[in-house]
Each structure stands twice: as structure tokens, then as C-alpha cells.
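Asker: Sequence:
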Amino acid sequence: MDFFKYAIVDIGANSVRMIIYDIDPKTGEFFTVDSVRNMMGLAAYKEAGALTPDGAGKLTAIIRDYLARANSYPCDKFSAFATASLRGLSNSAQFIASIKRKFGVDIDIISGEDEAAYDFDAIRYRFGREVFPRGVVIDMGGGSTEMIEFENERATSLVSMNLGCVMLGKKFISDIKRSPFPNEAESEDIINYTKKTLSQNESFRAKGESIYLIGGTGRAIAKLHAVMNGVNVKNFDGYTFSAHDIKSIRDFAEKDVRDGAPIIRKLLSDRITTILPGIIAYEQIFAFLGSKLATVSACGVREGYLLRFINQSFSQRSQEF
Numbered sequence: 002m003d004f005f006k007y008a009i010v011d012i013g014a015n016s017v018r019m020i021i022y023d024i025d026p027k028t029g030e031f032f033t034v035d036s037v038r039n040m041m042g043l044a045a046y047k048e049a050g051a052l053t054p055d056g057a058g059k060l061t062a063i064i065r066d067y068l069a070r071a072n073s074y075p076c077d078k079f080s081a082f083a084t085a086s087l088r089g090l091s092n093s094a095q096f097i098a099s100i101k102r103k104f105g106v107d108i109d110i111i112s113g114e115d116e117a118a119y120d121f122d123a124i125r126y127r128f129g130r131e132v133f134p135r136g137v138v139i140d141m142g143g144g145s146t147e148m149i150e151f152e153n154e155r156a157t158s159l160v161s162m163n164l165g166c167v168m169l170g171k172k173f174i175s176d177i178k179r180s181p182f183p184n185e186a187e188s189e190d191i192i193n194y195t196k197k198t199l200s201q202n203e204s205f206r207a208k209g210e211s212i213y214l215i216g217g218t219g220r221a222i223a224k225l226h227a228v229m230n231g232v233n234v235k236n237f238d239g240y241t242f243s244a245h246d247i248k249s250i251r252d253f254a255e256k257d258v259r260d261g262a263p264i265i266r267k268l269l270s271d272r273i274t275t276i277l278p279g280i281i282a283y284e285q286i287f288a289f290l291g292s293k294l295a296t297v298s299a300c301g302v303r304e305g306y307l308l309r310f311i312n313q314s315f316s317q318r319s320q321e322f
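Using the numbering used here, the first residue of the sequence shown is number 2, and each one after it goes up by one.
Treat the hints with caution; some may be incorrect.
To be verified - Below, computed lysine-lysine pairings styled on DSSO-like, alpha-carbon distance capped at 27 Å: (1) K293 to K178; (2) K178 to K196; (3) K196 to K235; (4) K197 to K101; (5) K196 to K103; (6) K101 to K171; (7) K235 to K256; (8) K47 to K196; (9) K27 to K59; (10) K178 to K235; (11) K171 to K293; (12) K59 to K103; (13) K248 to K293; (14) K172 to K197; (15) K248 to K47; (16) K197 to K171; (17) K47 to K103; (18) K78 to K103; (19) K27 to K47; (20) K178 to K256; (21) K267 to K248.
Stated by the list, open to error - Derived CB-CB ranges, DEER-like: (22) K293 to S73: 40 to 48 Å; (23) S204 to H245: 21 to 29 Å; (24) E154 to P54: 45 to 53 Å; (25) K196 to D238: 24 to 32 Å.
Simulated from the structure, these hints should not be mistaken for lab results. Every residue gets a Cβ at the ideal spot worked out from N, C-alpha and C, and that includes glycine.
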């Protein structure tokens, strides 16, 4: 069978990841062939609303290496997109032009609304008829959080908030390089900021009894939940837990921090500075939405971006969820 190989690079505030997919042109089905991730922490390379020269150099090198890896297959198409990581930066256009000039690669900066739409398409593709009649999809990234209210498999409302696990740590943890976990006062600041941000989206209040979590923070929370309950899980895609357990998860994580964070450092070594801000924010989000049941999805914005390409270029099969 002749598959169409498509490499997609997702430039996030916390990590830069490339996934290579095989697409069946006849059916629209797709499969992951390769995946590589660089925990660059792009949010740390922003000053005065611009990407620093060091950040631009590091990101350029990553894209160059990913392009070489994709060409080794070879891939039929190579795309890159960015979310809050580059969105709104004063020099993002110059950086994008530089990448285009050097490698012939266009970087697509997607809006928060498009990101949310891609997220919902991915959830519908992943869970299909299994989705609850109504609920909310949440995608917490490094720089923003998207929420999509849905009913009967259709999105009814969506919002992108300036609320991300990397952003919260950078904004509220005073000496994050030396002490990566928030103290009590800093945790309270994160709580107040999250509450204030959520209050600007009152239409979502009490609308998320059933929720789907997209992104690394959601998966990290699920991992802590499993460890806390002594459950051995290899694949967290589809992992479901009671939303009321979020307080216990936060207590478990904070106790681990007081003990020197052995569990977090072993289990979530790439999320040392982001896990507690993420948990604290999610606790407020769950309360705001009135959440009862949370389900983790491995599919997210990348798969939604891929589905849009498939539906435009190949079969419409992927729309028939």
C-alpha cells in the first residue's frame, strides 16, 4: 500500500514536537510512524514581547534537524505550526520569514479559536460516538488554555485563555530556576489569577460535568493519579478518573515536593517547573466547570491539524465519526 507520509511540527511554549504520519489516501486513516520531542521551553526565550536571538537560534536548529529527519524517510509533506508560543510576538513575522528563506518551510501561527476547533475535531475522531452528550474539552498548553463546550458531538462555544502551565510558573514563581515549585503565597497567586481569568468566561460555568483533557499537563495529572492509587498504566489515552480527585492529586504532589519531589522528578522530569502550576490551575477549572468525570486524550491539536489536511486533500472518511 502506498501511504502519504506527512511530518507535522508542533511548536509549543514548553516543547517542540514532530510526528510523522502515514496516511491512507483511499480511506483517510492515519498512523503514527515516528515521533520526536525537544523540551526547549520556548516561553523562557521571550523578552519584552519578542523572541530572543538565542531562542530563535535554538528553534531554528530544531526545525533544521526535524526537516533532515523527515527527509530521511522521505516525507511527502512537511508542515510546522505554532500556538501561543509565537502568537503575538513582535518579531514572529521576521522569524517565520527567516525559516522560509533558509529551509523553504512555512510556519503557520494558528489562532486560539482555530486551536480549539482542531482540538475538538481530534476528540471527535478519537472517541467518536463514545463522547458524552455534553461537556467541555480542555487543552492546557504552556502559554494558553482552550476550552470547547460541546453538545451532541457539536461544538457550541469555544474560548482561548491566557492561562498556561509555563506562563503561570514564569509569572508567579519568583526564582523558578533555583526553586521550581511555588510556595504557599505563589500558589495563592496562581489560584487568584486562574479564578479571575475564568470569571471572564461565565458562559462556561457549570457546563463541564464531563470533560476531556488534551495536552501534557492533563496526562501528567493522570500519571500522578495512577501512582497515587497504585495503578500500573502504560497508555493514558482514554484514562478516566473522578474530577473530585484533583484536590487529592494536588495534596499528593505537594507532599512529594516537601519530601524533595522524588516521584515528580522520576515520573515527570520534563515538567518540574510546570506540573504544580498546572495542577493548581486545573483544580480551579474543574470547580468552575462543575466537573465530575475527566478523560485524558492523546489526540489533540496536531491530529486536528492533520484531519483538516486529510479532509481537504483526500477522503472525507475521517469526518464520519
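Asker: All the hints need checking, so say for each whether the structure fits it.
Answerer: How the hints compare with the structure:
no. : hint                     : in the structure
1   : K293 to K178             : violated (35 Å)
2   : K178 to K196             : holds (26 Å)
3   : K196 to K235             : violated (34 Å)
4   : K197 to K101             : violated (39 Å)
5   : K196 to K103             : violated (43 Å)
6   : K101 to K171             : violated (30 Å)
7   : K235 to K256             : holds (24 Å)
8   : K47 to K196              : holds (25 Å)
9   : K27 to K59               : violated (39 Å)
10  : K178 to K235             : violated (31 Å)
11  : K171 to K293             : violated (30 Å)
12  : K59 to K103              : holds (14 Å)
13  : K248 to K293             : holds (13 Å)
14  : K172 to K197             : holds (15 Å)
15  : K248 to K47              : violated (32 Å)
16  : K197 to K171             : holds (18 Å)
17  : K47 to K103              : holds (22 Å)
18  : K78 to K103              : holds (17 Å)
19  : K27 to K47               : violated (44 Å)
20  : K178 to K256             : holds (20 Å)
21  : K267 to K248             : holds (21 Å)
22  : K293 to S73: 40 to 48 Å  : holds (47 Å)
23  : S204 to H245: 21 to 29 Å : holds (23 Å)
24  : E154 to P54: 45 to 53 Å  : holds (46 Å)
25  : K196 to D238: 24 to 32 Å : holds (30 Å)
Violated hints, in rising order: 1, 3, 4, 5, 6, 9, 10, 11, 15 and 19; the structure is consistent with all others.
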